[in-house]
Amino acid sequence: MELFLFIVIGGITLISSFFVVFQRSPLYSALFLILTFLSMAGLYLVLGAEFVALIQVIVYAGAVMVLFLFVIMLLNLDNEKREWLTKQTKQKFVGIVIVAAMVPLIGLGISTSLLYSKSQLGAQGTYSPQMAQQVSNTASVASLLFTDYILPFEITSVLLLVAMVGVVYLARRMKKQSLPGK
Amino acid sequence: MLPMSYYLVLSALIFGLGVLGVLIRRNALVIFMSIELMLNAVNLTFITLSRYLETLHGQIYVFFVMTVAAAEVAVGLAIIMLLYRNWGTANIDDINLMKW
Chain A
54 MELFLFIVIG GITLISSFFV VFQRSPLYSA LFLILTFLSM AGLYLVLGAE FVALIQVIVY
114 AGAVMVLFLF VIMLLNLDNE KREWLTKQTK QKFVGIVIVA AMVPLIGLGI STSLLYSKSQ
174 LGAQGTYSPQ MAQQVSNTAS VASLLFTDYI LPFEITSVLL LVAMVGVVYL ARRMKKQSLP
234 GK
Chain B
3 MLPMSYYLVL SALIFGLGVL GVLIRRNALV IFMSIELMLN AVNLTFITLS RYLETLHGQI
63 YVFFVMTVAA AEVAVGLAII MLLYRNWGTA NIDDINLMKW
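Chains as they are written, first to last, in my numbering: chain A, 54 to 235; chain B, 3 to 102.
Any given hint could be a false lead.
Subject to a maximum C-alpha distance of 20 Å in a straight line, what follows is the list of computed EDC-like cross-link-like pairs (lysine to aspartate or glutamate) [unchecked claim]:
hint: 1; chain 1: A; residue 1: Lys145; chain 2: B; residue 2: Asp96
hint: 2; chain 1: A; residue 1: Lys143; chain 2: B; residue 2: Asp96
hint: 3; chain 1: A; residue 1: Lys145; chain 2: B; residue 2: Asp95
hint: 4; chain 1: A; residue 1: Lys143; chain 2: B; residue 2: Asp95
Note that these hints are calculated values from the structure, not bench results.
Could you build all of it, start to finish, from the sequences and the hints given here?
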């Protein structure tokens, strides 16, 4: 059952992330990115992380992508020109070679058992599947977030304030604004 | 339970697609979206290992990564909007004032 869910949801994630990159219009890329985020939330549910799946849908698909779509539609961008796949082929070829060399390295490097000793995997951490059935995931995450990770939590609030102030300052309306294209 | 490497290889593939998007595409917004893809791939790795090591610290890190990514998207989109206001284009090939 988990294999079936993994193949379906993981396949949707992979295909839509492929289309994010290889789509001519940025608007279609944004829509495929929303689909990627939603299917990744499904993957998080399969892995048993309900709180993070909810946060993914609310924050990423619900706030970040809305911001993206606002900016895309505000800027009224053109699609990339017709020769977008054939121009600068040498640069693109180098890019593809770099990625083709790097992805197997990463994929094999983090998934083979050379990195993890057998005693570490399946170690009885504090959140075994037995405990996951008694205490809800959100309560457990909260109990950890507000005790051990309270300092990063507070610093994150300052970070959000700084980001907000920066965005308000950057995007303010300036007097005598020249038209784009000048 | 599935072997852990299934999720980790999927995460590596999504990360590779994000890197490909950053290297190949010329539109600033699509590059930014590929960066978000990379961040999501890393989130998937965190949650996979959080489940297979039976601990919750991975999910806490994902929480913070998402918060920082949201703040970064806000600031980055403001910068891209300013870029469009001043240059009239979002194509990074045309924005070459600092090139040698």
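Hint check results:
no.	hint	in the structure
1	A:Lys145 with B:Asp96	holds, 17 Å
2	A:Lys143 with B:Asp96	holds, 18 Å
3	A:Lys145 with B:Asp95	holds, 14 Å
4	A:Lys143 with B:Asp95	holds, 15 Å
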